[in-house]
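Asks: All letters in the sequence shown, in the order written, are residues 31 to 421 by the working numbering.
Since the hints were made in silico from the structure, they are not lab data.
EDC-like cross-link-like pairs, simulated, lysine to aspartate or glutamate; straight-line CA separation at most 16 Å:
1. K375 / D346
2. K363 / D332
3. K367 / D168
4. K367 / D332
Simulated restraints, written as ranges between beta carbons of each label pair:
5. G239 / F139: 54 to 62 Å
6. A362 / A157: 30 to 38 Å
7. K367 / G126: 56 to 64 Å
Don't be surprised by glycine CBs; every beta carbon is placed ideally from N, CA and C.
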Amino acid sequence: MHVGQRVALLRQLWQSRHALVAIPLVLIMVITLVDIHSPESVHLGPLLVVAPAITTAFAGYWLTGLIGALAVGAQVIIAVLHGGLATTNHISQIIGLAILSVFAVIVCFVRDRRTAELAQVRSVSEAAQRALLRPLPDRIGSLHVASSYLAAEKEACIGGDLYAVAHTGDHTRVIIGDVRGKGLAAIGEAATLLGAFQEAAHHHVSLPGLAEALDRSVCRYLTGFPEANGEAQEHFITALLVEIPDHSPISQVVHCGHPPPLLLRHGHVTSVTSLYPAPPLGMWRLGPKTHAVHTFSFQAGDTLLLYTDGVVEARDRSRAFYPLEERLPLWAKSSPKTLVQHIEKDLLAHADGALADDAAILAIHRAPAPHTGPHVSDLVHGDFHDHRAGA
Numbered sequence: 031m032h033v034g035q036r037v038a039l040l041r042q043l044w045q046s047r048h049a050l051v052a053i054p055l056v057l058i059m060v061i062t063l064v065d066i067h068s069p070e071s072v073h074l075g076p077l078l079v080v081a082p083a084i085t086t087a088f089a090g091y092w093l094t095g096l097i098g099a100l101a102v103g104a105q106v107i108i109a110v111l112h113g114g115l116a117t118t119n120h121i122s123q124i125i126g127l128a129i130l131s132v133f134a135v136i137v138c139f140v141r142d143r144r145t146a147e148l149a150q151v152r153s154v155s156e157a158a159q160r161a162l163l164r165p166l167p168d169r170i171g172s173l174h175v176a177s178s179y180l181a182a183e184k185e186a187c188i189g190g191d192l193y194a195v196a197h198t199g200d201h202t203r204v205i206i207g208d209v210r211g212k213g214l215a216a217i218g219e220a221a222t223l224l225g226a227f228q229e230a231a232h233h234h235v236s237l238p239g240l241a242e243a244l245d246r247s248v249c250r251y252l253t254g255f256p257e258a259n260g261e262a263q264e265h266f267i268t269a270l271l272v273e274i275p276d277h278s279p280i281s282q283v284v285h286c287g288h289p290p291p292l293l294l295r296h297g298h299v300t301s302v303t304s305l306y307p308a309p310p311l312g313m314w315r316l317g318p319k320t321h322a323v324h325t326f327s328f329q330a331g332d333t334l335l336l337y338t339d340g341v342v343e344a345r346d347r348s349r350a351f352y353p354l355e356e357r358l359p360l361w362a363k364s365s366p367k368t369l370v371q372h373i374e375k376d377l378l379a380h381a382d383g384a385l386a387d388d389a390a391i392l393a394i395h396r397a398p399a400p401h402t403g404p405h406v407s408d409l410v411h412g413d414f415h416d417h418r419a420g421a
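Please work from the sequences and hints to get the whole structure.
Replies: Here is the structure:
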């Protein structure tokens, strides 16, 4: 939301709140006038408590206190005109209304403090998100990129899911990952992996070498905690590494315990699944000496969708998982940005607006390039291969 839009929204909110002040003021005037012109046996003064009570719904504690004071003043006027202040009935009504007004002010004060604290937490979360998950470029060469992040915790804007893109030499490298756990507690491990990727992506020639370097970085991070011999061994990060050459349709992917990407081509969806997936990063000595590379054809006009398990494991009221692979053909002709928006909206509708886990979505579309020679991609159309590093 732009600054101008935020200012306009705040101005509109301010005007609407102050317009609502007329409601308790009118109530105080009407109750007071009706009570004054009623017989002394009719007591409408206790109804004045409605004025400060409804003010708490839209105003702060200062305005609630003012409305409460006006209500108490109106009760005093009623008492003076109906037998005087000396009567026990009027005194008890004034004291009771004053106590309830003070209570309403206290409620507003506590609520406003909680709102301010929540706004500060959200501000910190937004700053952490901008620092950790830096906005991805809309275009890298012939690749069009769009992303989305949905945090499971409403107070946070970020959790344990991560993604990043790095263009090195003549190819683009992409990572998407999911830290075990969710919320703010997982940010440290996510930051470690993202920092390691941004540096190592430029120094390792092969994709398996990059995966092994990231695995070592995560293990070093986990061993730095006192609980390294206990709980830390249960920490890990599922990850997917993709390498997309600038001038070739033959792309590579390394699976580290992460859900496979989906390739959208001509309205059909294909799961890019490796025959030899590796364990998640940080699984200590369970990892392989080398990571298997899976090659696949990523042609001009194709869209590659990467996601975390928070997407496909989202459940509806009947406990059914979100059918991502079935829904993708519905938006086959959409741009990456529109595709991500469709998935995000449909996912939230499926989960009734409440996700049980963080969800990250990354769509990469290869734009058609000018025809300069034989269509090499025809030679590899639909071919998927697994190779062991160094084989």
